[in-house]
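Going by my numbering, the sequence shown opens with residue 149, and the numbers climb by one from there.
For the record, the hints were derived by calculation from the structure and aren't laboratory data.
Note that the coordinates shown come from a computational prediction; the quantities given were computed from them, not determined experimentally.
Please note that the accuracy of each hint is not assured.
Unchecked claim - No farther apart than 30 Å at their CA atoms in a straight line, the calculated lysine-lysine pairs in the DSS-like style are these: (1) K414 to K206; (2) K245 to K269; (3) K206 to K245; (4) K224 to K206; (5) K206 to K417; (6) K245 to K371; (7) K417 to K269.
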Amino acid sequence: MNKEAITTLATRAALGATLLATMLLTGCVTTPMPSAGNATLTPPTRVTRDLTHLPPPKGRIVAAVYGFRDLTGQYKPSPDSSFSSQVTQGGASFLVKAMRDSGWFTPVERENLQDLLTERKIMRALETPDDKKNAIPQIGALAPASIVLEGGIVGYDTNIRTGGAGIAYLGISASQQYRVDQVTVNLRAVDIRNGTILNSVSTTKTIYSIQVDTGVYRFIGFKDLLQAEAGMTRNEPQQLCVNEAIESALVHLIVQGVANQSWALKDTKDWYDPTMQRYLQENQGYAQTMEDVNPSYSPVRIDPPKTIGS
C-alpha cells in the first residue's frame with residue numbers, strides 16, 4: 149500500500165471518528181424539531197393538584213377580584229419590544245380560574261363590571277310597559293361579595309443567578325449555560341364589612357432557562373474543513389410560572405384562613421389532611437424564620453379547630 153492510500157485511509161478514519169463524536173454529543177442535547185400542533189388546554193402546574201385536592205369548605209365564599217395587576221413596572225429588554233411588559237397582564241384571569249378550581253370560592257365578576265351593567269341596562273331598555281309590571285326573572289340582583297381578593301405581581305428579578313460550563317478538545321466542543329429569574333406575587337383577603345385584611349401571602353416562583361451547545365470545527369485534511377453545530381434552549385413559560393405562583397398563594401391563603409378561623413372546613417377532621425398539614429408546616433417554618441429575624445414578630449397561631457378531640 150502506497151503512502152497516498154495510507155493518507156486517504158487515515159483521513160477517512162479521522163472523519164468517521166469526528167462524525168461519531170459529533171453524533172454522540174448532539175444526540176444527548178438536541179430534540180426533534182417541533183412541528184405545528186393544535187391548540188390544547190393550558191397544562192396544569194405543579195401546584196394545581198394541591199389546589200384541587202384541598203378539603204371541602206363549610207360553605208363557599210363569595211369573593212370579588214377587581215384586578216391583579218403587574219406592579220413591577222418592568223419591560224422586556226429587547227430593542228424591538230421596549231413597550232412589551234416583562235410579565236403577563238392577565239393575572240386576574242389566572243386568579244379567578246384558580247378560585248373556581250379550588251372549590252372554596254364563588255367568584256363574582258368585578259374586573260369588567262361596567263360591561264355587565266351595560267348589558268343589564270340594554271335588557272331593561274328592551275322591556276315593554278307590560279313587562280315592567282312583571283320584571284324579567286332572569287335579571288336578578290347582583291350577588292354581593294363577602295371578601296375582596298387584592299394583590300398583584302410585585303416583583304420580577306432577572307439573572308439572579310447565571311452560570312455554565314464547557315469543554316473543547318481537538319476542535320470538538322460542548323457547553324452548557326443557565327439563567328435563573330424569579331417572580332413574586334402578593335395576595336390578600338379583605339373583609340368588605342370593615343376593610344380588615346384577613347390574611348396576606350407572598351409567594352415566589354423561580355424561572356429556569358438553559359442552553360446547551362455542541363460543535364465540531366477541525367481540519368480533517370489539508371483542504372478539508374469539517375464544521376458542525378447543534379444546540380437546544382429551554383425556557384420555562386413565564387405566564388405558567390406566574391400562574392403557579394398565584395395558585396400557591398391562593399392555597400396558602402386558604403390554609404391561613406382556616407388556621408385563624410376566617411373560614412372553616414366542612415369536616416374539622418380534615419385539619420389533618422396531608423395537603424393541609426404540608427402547607428401548615430411551611431407556614432410554621434416561615435413564622436419561625438421571621439421570629440429569628442424579628443423577635444417582636446407575632447405570627448398567626450396555627451391551632452387545630454377546638455371541636456377536634458373535644
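Going down the list of hints, with the structure as the test:
For a cut-off of 30 Å, the pair hint linking K414 to K206 stands: about 4 Å separates their Cα positions. For the hint linking K245 to K269, the alpha-carbon distance of about 27 Å falls within 30 Å, and the restraint holds. Proximity of K206 to K245 is assessed by CA-CA distance (about 20 Å); at most 30 Å being required, the pair is judged to hold. The straight-line distance between the Cα atoms of K224 and K206 is roughly 44 Å, outside the 30 Å bound, and the hint therefore fails.
Taking the CA atoms of K206 and K417, the gap is near 12 Å; set against the 30 Å cutoff, the hint holds. For a cut-off of 30 Å, the pair hint linking K245 to K371 is broken: about 63 Å separates their Cα positions. Restraint check for K417 and K269: not satisfied, since their Cα atoms lie roughly 47 Å apart, outside the 30 Å limit.
Hints 4, 6 and 7 from the earlier list are contradicted by this structure; the remaining hints agree with it.
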